[in-house]
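Engineer: Sequence:
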Amino acid sequence: MTNTFFEGTGKYNPKANYARSKEKRNDCPLVTLGLVLDMQGFPKRSRIFEGNVSEPGTLETMIKDLSDKDNPQKTLFRPTIVMDAGIATEDNVQWLRGCNYRYIVVSRKKKKEIPDDVKMAPVKQNDKTKAVIVQAGLVYNKATDEMELYCHSVDKEKKEESIKNKFQERFEAELLKADKALNVINGTKRYDKVVEKIGRLKEKFKRISHLYNITIIKDDATGKAAKIIWVRKKEKKVSGVYCLRTTEKDLNEKEIWNVYTMLTDIEDAFRCMKSEFGLRPNYHHIERRCDGYIFITLVAYHIMQTMRTKLREKGIHFCWKTVRTQLSSHIRISTILKREDGRVVHIRKSSRPELNHKEIYDAIGLPHQVGKT
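Quick note on my numbering: the sequence shown kicks off at 235 and runs consecutively.
Watch out, some of these pointers could steer you wrong.
[Stated by the list, open to error] Derived pair list, reagent style PhoX-like, types lysine-lysine, alpha-carbon separation capped at 25 Å: (1) K452 x K467; (2) K483 x K343; (3) K555 x K544; (4) K393 x K470; (5) K364 x K390; (6) K390 x K343; (7) K364 x K548; (8) K400 x K440; (9) K358 x K393; (10) K414 x K458; (11) K364 x K488; (12) K423 x K471; (13) K392 x K544; (14) K392 x K471; (15) K343 x K427; (16) K400 x K438; (17) K555 x K278; (18) K508 x K555; (19) K362 x K393; (20) K458 x K427; (21) K440 x K414; (22) K583 x K572; (23) K376 x K423; (24) K544 x K488; (25) K278 x K508; (26) K343 x K353; (27) K471 x K440; (28) K470 x K440; (29) K376 x K343; (30) K343 x K468; (31) K411 x K440; (32) K470 x K353; (33) K555 x K362; (34) K423 x K438; (35) K358 x K483.
[To be verified] Quick list of the computed label-pair ranges, beta carbon to beta carbon: (36) R254 x T363: 54 to 62 Å; (37) F529 x S562: 21 to 29 Å; (38) E403 x E489: 35 to 43 Å; (39) W329 x V352: 25 to 33 Å; (40) Y374 x M273: 22 to 30 Å.
Derived by calculation from the structure, the hints in this document are not laboratory data.
Where a beta carbon is used, it is the ideal one built from N, C-alpha and C, also for glycine.
Based on the provided sequences and hints, a complete structural model is requested.
Structural biologist: This is how it looks when you write it as structure tokens:
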């Protein structure tokens, strides 16, 4: 599911409604595009929904609307539903199980430590250095009759650690400030007020405050706080760890992870295409024009996914944004010459492709020189 917003009232499109925008434009009306894709990421069915459709709340309705009702034979072969944490509520998961849908979803459980008995295997490596970027391990959960895939991402760990370190620095700076205030004029010294202040800081930094043991030493003679001491607890590192739940018992670690990450690849591709095709915002306010323009974008996505599939077959695993960035330096140059007799000569010539350009062109099956020279 993805959405696009309008600048204006959207009164000419009955599907346009206000809701939570993925582009943070909650002040604008939206329409939502729903897609059913195959294992390679190619769209098989699509439908445009109202902008205020609730992804977690109306999963059943959306799946029924996107299913092939006219082909009863296909209902015998239930597709695999891939969902992120925002949609993967326990009610939705139970509904999928009740309807015999296979699924791969992100686990919502807070504690995501990797069990000691799980054997991790690399599922993504650097093409050049062969360094492990993502590793994963499968374990069977008897209670839920599911396979759980514990994943550890190096990039995700760096990002989460960076965010956590920033919060810890700010939290400790506030604690130090509160401690120094005990020894200055007009500083907060009353024990009960200091306790309140530390409580407010814990609430403000609740993402990391539980990682600290904080002690407020009271001066019995004056009844005031004398010292604030904080010690960081020893914790088991869980940064970069996430867990996938699935009913697919015949797939290995790499296959499950590849199916799930296809969802991220599609979201990244549509994020780029929304800007390239003028869907951020959508300038077509009449319903039929808006639907038609979104359909054209969907056709463009087919072409883009075909190129990315050819690139992956040749071992090139770039995201679409990287492909566009690398090819942007290969340009066509227009030269205009005015002759002595007054006639004008126009010459268009392509620049010489570099090595990275040639690799992409060869993988897709395109000539190195575009157009006549």
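Engineer: All the hints need checking, so say for each whether the structure fits it.
Structural biologist: To see whether the hints hold, each was checked on the structure:
no.: 1; hint: K452 x K467; result: 22 Å, holds
no.: 2; hint: K483 x K343; result: 21 Å, holds
no.: 3; hint: K555 x K544; result: 16 Å, holds
no.: 4; hint: K393 x K470; result: 17 Å, holds
no.: 5; hint: K364 x K390; result: 18 Å, holds
no.: 6; hint: K390 x K343; result: 18 Å, holds
no.: 7; hint: K364 x K548; result: 17 Å, holds
no.: 8; hint: K400 x K440; result: 13 Å, holds
no.: 9; hint: K358 x K393; result: 18 Å, holds
no.: 10; hint: K414 x K458; result: 14 Å, holds
no.: 11; hint: K364 x K488; result: 16 Å, holds
no.: 12; hint: K423 x K471; result: 36 Å, violated
no.: 13; hint: K392 x K544; result: 31 Å, violated
no.: 14; hint: K392 x K471; result: 12 Å, holds
no.: 15; hint: K343 x K427; result: 36 Å, violated
no.: 16; hint: K400 x K438; result: 14 Å, holds
no.: 17; hint: K555 x K278; result: 24 Å, holds
no.: 18; hint: K508 x K555; result: 12 Å, holds
no.: 19; hint: K362 x K393; result: 22 Å, holds
no.: 20; hint: K458 x K427; result: 9 Å, holds
no.: 21; hint: K440 x K414; result: 22 Å, holds
no.: 22; hint: K583 x K572; result: 17 Å, holds
no.: 23; hint: K376 x K423; result: 55 Å, violated
no.: 24; hint: K544 x K488; result: 20 Å, holds
no.: 25; hint: K278 x K508; result: 20 Å, holds
no.: 26; hint: K343 x K353; result: 21 Å, holds
no.: 27; hint: K471 x K440; result: 18 Å, holds
no.: 28; hint: K470 x K440; result: 18 Å, holds
no.: 29; hint: K376 x K343; result: 16 Å, holds
no.: 30; hint: K343 x K468; result: 21 Å, holds
no.: 31; hint: K411 x K440; result: 18 Å, holds
no.: 32; hint: K470 x K353; result: 18 Å, holds
no.: 33; hint: K555 x K362; result: 20 Å, holds
no.: 34; hint: K423 x K438; result: 21 Å, holds
no.: 35; hint: K358 x K483; result: 21 Å, holds
no.: 36; hint: R254 x T363: 54 to 62 Å; result: 40 Å, violated
no.: 37; hint: F529 x S562: 21 to 29 Å; result: 27 Å, holds
no.: 38; hint: E403 x E489: 35 to 43 Å; result: 41 Å, holds
no.: 39; hint: W329 x V352: 25 to 33 Å; result: 29 Å, holds
no.: 40; hint: Y374 x M273: 22 to 30 Å; result: 23 Å, holds
In this structure, the earlier hints numbered 12, 13, 15, 23, 36 are contradicted, and the remaining ones agree with it.
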